[in-house]
Amino acid sequence: MNKGTGGGVIAAGFSLLFFSFLFGPLIIMVITAFNSSSFPRITPWECFTTEWFAVLIGNDRLMNGLANSLFIGVGVVLISVPIGLAGALALSEMGPRLRAALYTVLITPILIPGVVLGISTIVFWGALGRGVGADYGSIFYDGMFLTLAGQVTFISAYAMLVFLARLQRFDPTLTEAALDLGASPGQAFRKILLPFLSPAIGSAAFLTFLASFENYNTTVFTILSGNTFTTTLASKVRHGTDPSLSALAVIIIAITLVGAMVHEAHTRRSQALRDGSAARSKIYGNPVLRVIVHPLCVFAILIGSISFLTYQGSQYDASVCKQQVLDEKRARQEQLLEEQRQRIKAQKEAAGATETGTSVKKSPSAFGGAFGGAAPKPVETPKSPSPFGNAFGSGTLAPKTD
Amino acid sequence: MTTKDIVLDHVSIRFGSYTAVDNAHLTINGGEFFSFLGPSGCGKTTMLRCVSGFSEPTEGRVLIGGKDMKGVGPNKRPTALIFQNLALFPLMSVAENIAFPLEVRGVGKKDRRKKADELLDMIALPGVGDKKVHELSGGQRQRVAIARALAVEPDILLLDEPLSALDLKLRHHMRTELRTIQQRVGLTFIYITHDQGEALTMSDRIAVMNAGVIEQIGDPEAIYNRPKTAFVASFVGETNAIEGKVTAQTGELVVLDTPLGPLKGTAAGGRKYKPGDNCYIFIRPEQLELRDNPAGENAFTTQAVKAEFEGNARLLFLGANGVDLRLTRINTGERPADLAGTAVHVGFDPSKAFVLPHSALAGA
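For the protein sequence lines, the chains are A and B, in the order given. When you line the first sequence up against UniProt numbering, it's residues 1 to 402, in that order. When you line the second sequence up against UniProt numbering, it's residues 1 to 364, in that order.
For the record, the hints were derived by calculation from the structure and aren't laboratory data. Certain hints may be false.
[Stated by the list, open to error] Below, computed lysine-lysine pairings styled on BS3-like, alpha-carbon distance capped at 30 Å: (1) A:191 x B:131; (2) B:132 x A:282; (3) A:191 x B:70; (4) B:114 x A:191; (5) B:169 x B:306; (6) B:76 x A:191; (7) B:131 x A:282; (8) A:191 x B:132; (9) A:191 x B:115; (10) A:191 x B:110.
Start from the sequences, fold in the hints, and give me the full structure.
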C-alpha cells in the first residue's frame with residue numbers, strides 16, 4: 001500500500017487510533033489529577049487544584065507502603081542481581097546436558113504463578129520458624145523479610161536471563177587472554193568480564209527493581225499484616241478511589257518521562273561520539289547546544305522545571321474557586337429543592353383537580369400517558385407511607401412518619 | 001639450556017578416548033622460530049594450549065627453561081599467547097590493551113603509558129594509543145596484539161594462526177614483519193599454522209603434525225626437499241604421487257613398477273626397500289619436465305587434459321593410465337603452443353623424486 005492507494009490515510013488513521021488507545025487513559029488520568037471534584041473525572045470541570053498531591057502525600061498508609069516497597073525493591077536488587085549473575089555464569093560454563101537441566105530448574109520460578117510462590121513462601125518459612133522454635137516476632141513471620149525472600153525466588157531468574165543474553169555474546173578467549181597476560185582469575189573477572197557485563201548489570205538492576213516494585217500476586221500474601229505500595233493501592237481502589245491516585249499517576253509518568261529523556265540524550269550523544277558524526281552534526285558541533293544536550297544538563301533542566309512547577313503548584317490556592325463552586329452547588333440545590341417543592345405543590349393541586357375532572361396530562365403513568373386512558377389507575381393508597389404496602393394494617397404497626 | 005627453551009617430554013593429550021596429541025617428544029631451543037604445521041584438527045592448537053597452561057598433558061611433562069610446568073597456571077608461565085582472533089579487549093583503548101599486563105602487575109598509570117608508547121613505536125604504530133581497537137585495520141590490530149603480548153616480557157611467544165583472518169597481501173607482509181620482530185626481540189616463537197607458505201618462509205624449524213602425531217621435524221628445506229613420510233610429502237607443497245611396487249634397489253636408487261611403467265627415484269632418508277613393497281614415488285610439479293621424445297630415463301607419454309595460467313607459472317594437467325599429474329613451468333613471457341588434448345612426453349630426474357612407503361596422504 002502506498003499514498004496513491006489511500007494507504008497514507010489509513011496508516012495515519014490507524015496510528016491515531018493506536019496512540020489514542022495507548023495514551024488516552026493516561027492523558028485523562030493526568031487531567032483528573034487537577035480537577036477538584038472528589039471523584040476522578042474531567043466533566044464537570046470544577047476547579048483547577050493541586051490539593052490531590054497534598055492528599056496523596058498526606059496519606060500515611062500509602063507513604064508507608066511506598067517506603068516499604070522502596071526498601072524491598074532495593075533489597076531485591078541487591079540480592080537478585082548477584083544471584084542472577086552467578087547463575088548465568090554457572091550456566092555458561094557447564095556442559096550442554098547439565099546446562100539444559102539446570103536452566104529448566106532456574107527458570108521454573110518464573111513459570112509458577114505468583115500466588116503459589118507467595119503462599120509457599122509463607123508456608124515454607126513458617127514451617128522453618130516452627131522447626132527452630134521461633135516466636136511470631138521473629139524474622140520467619142516478618143512480612144518484609146518474607147516478601148524479600150518470596151520475590152527474590154523468581155526475580156533473580158529474570159536477572160539471570162538478562163545476564164545469559166549478554167554472556168552469549170561474550171568471547172571467552174578474552175578471559176583466557178587476560179589470564180595468559182598475567183591476570184589472576186579475579187582480575188580477569190573484574191577487568192574484562194564485569195565491564196563487558198556492565199550494561200546488563202544496569203538493565204538487570206532496573207528490571208528487578210521494577211518487578212519487585214510492581215509485584216502484587218506474591219507480595220499480597222507474603223507481606224502478611226504489613227503493606228506495600230501496590231497492596232495499599234489495590235485496597236484503596238477497592239474501597240473507592242479519589243483523584244489522589246491520579247496525582248500519583250502524574251508523578252510516576254513524570255519520573256518515567258524524565259528517565260526516558262535523559263536516557264535518550266545519553267544514547268544519542270554516545271552514538272554521535274562513537275561514529276564520529278559529532279563534529280558535523282548541527283547540535284553536537286555547536287559548543288552551546290553541545291553542553292545543553294548533555295544528559296546531566298538535560299536532567300538538571302527537567303528537574304529544575306519540575307521543581308519550579310511543583311513550587312508554583314504548592315502556592316496555588318483553589319479555595320476561592322472551590323468556595324464558589326460550593327456556593328454554586330448550594331444555590332443549585334436550593335433551586336432544585338425549590339423546584340421540587342413547587343412541583344409537589346402543583347401535583348397536590350392537580351390531584352385535587354383530578355377528583356373533579358379527569359386529566360390525561362396529570363397521569364402519573366410511567367409511560368408518560370402515552371396509553372392515555374388505557375393506563376390503569378394508580379391504586380389509591382395515599383394514606384399509608386408504609387414500605388410494606390399496608391400489609392400490616394393501616395396505621396397500626398407502621399412507624400410514625402412526620 | 002636457557003629460560004627460553006621448551007621441552008615436550010613424551011607429551012600425550014587425550015579427551016576421553018580421543019587422542020589429540022600422541023607422544024610428542026621434542027625440544028625447542030631458545031630464540032628459535034618454531035612452527036607446528038598441520039591440517040585443522042591435527043592437535044596443534046591443543047599442543048599450544050598445553051604449553052601456555054590452559055590444559056595439562058594427560059601424560060608426559062612440559063618443561064620451560066628446565067622447570068616442570070605441571071600445576072602452573074597460564075598467568076604464571078613465562079609465555080604469551082596470541083589468539084587466532086587476537087582477543088584484543090574491545091572496551092579498552094589501544095594503549096590500555098597493550099598496558100593490560102602491566103596493569104594487572106600493579107605498575108603505575110604513567111609507567112604503563114610510557115611502556116605502551118614504547119611498544120607502539122616498536123611495532124611502527126606511534127600515536128594510535130588513544131584509539132579504540134575497532135578503529136584499527138586488521139594488520140594494525142595484529143601488531144597491537146603482538147605488542148600486548150610483548151608487554152608481558154615473556155620468554156616464549158605462542159602464536160595460534162594469527163594471520164588467518166588477514167587478506168593475502170597483508171598476510172605476506174605480516175610474515176616478514178613477524179620474522180623481523182622475532183629477530184629483534186630474540187624470543188622463542190612457537191607458531192601454529194595450517195598454511196605451509198607461512199611455515200616455510202618464517203620458521204627456523206617446522207614440526208609437521210597429522211592426527212596428533214608429529215610426522216617430521218626439520219628445517220624448511222628438509223621438510224620440503226626431503227620429506228620423511230608420505231603425509232609430509234603430500235601436505236607440504238604441491239606434489240605428484242605415483243603408486244607402485246618396488247622391483248629393485250641399488251644404493252639410494254629405487255626402481256618402482258608403476259602404471260606409467262618402471263620409474264626410478266631416490267630412497268628418502270636412506271631407507272631400504274624389499275622388492276614387492278608398496279610405495280609412492282613423489283615428484284614435484286616443477287621437477288617434472290617436458291621432453292621431445294619418450295626415450296630416456298624416467299620418461300613416459302601422457303595426455304594433456306588442460307592448461308592453466310597462474311601468472312608466474314603455467315600449470316599443465318596430465319593424465320595417463322589412471323594417474324593424474326601436474327606439471328609447472330615458469331612463465332617466460334611467451335605464450336607456448338596450446339598442448340591441451342595432445343600427447344605429451346614427460347620425464348624427471350631420479351634424484352629429484354623420492355620414494356616413500358605407502359601410507360595415508362594429506363587430504364585423501
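Against the structure, the hints:
no.	hint	verdict
1	A:191 x B:131	19 Å, holds
2	B:132 x A:282	25 Å, holds
3	A:191 x B:70	27 Å, holds
4	B:114 x A:191	21 Å, holds
5	B:169 x B:306	29 Å, holds
6	B:76 x A:191	18 Å, holds
7	B:131 x A:282	25 Å, holds
8	A:191 x B:132	16 Å, holds
9	A:191 x B:115	20 Å, holds
10	A:191 x B:110	19 Å, holds
The structure is consistent with each of the numbered hints, conforming to all of them.
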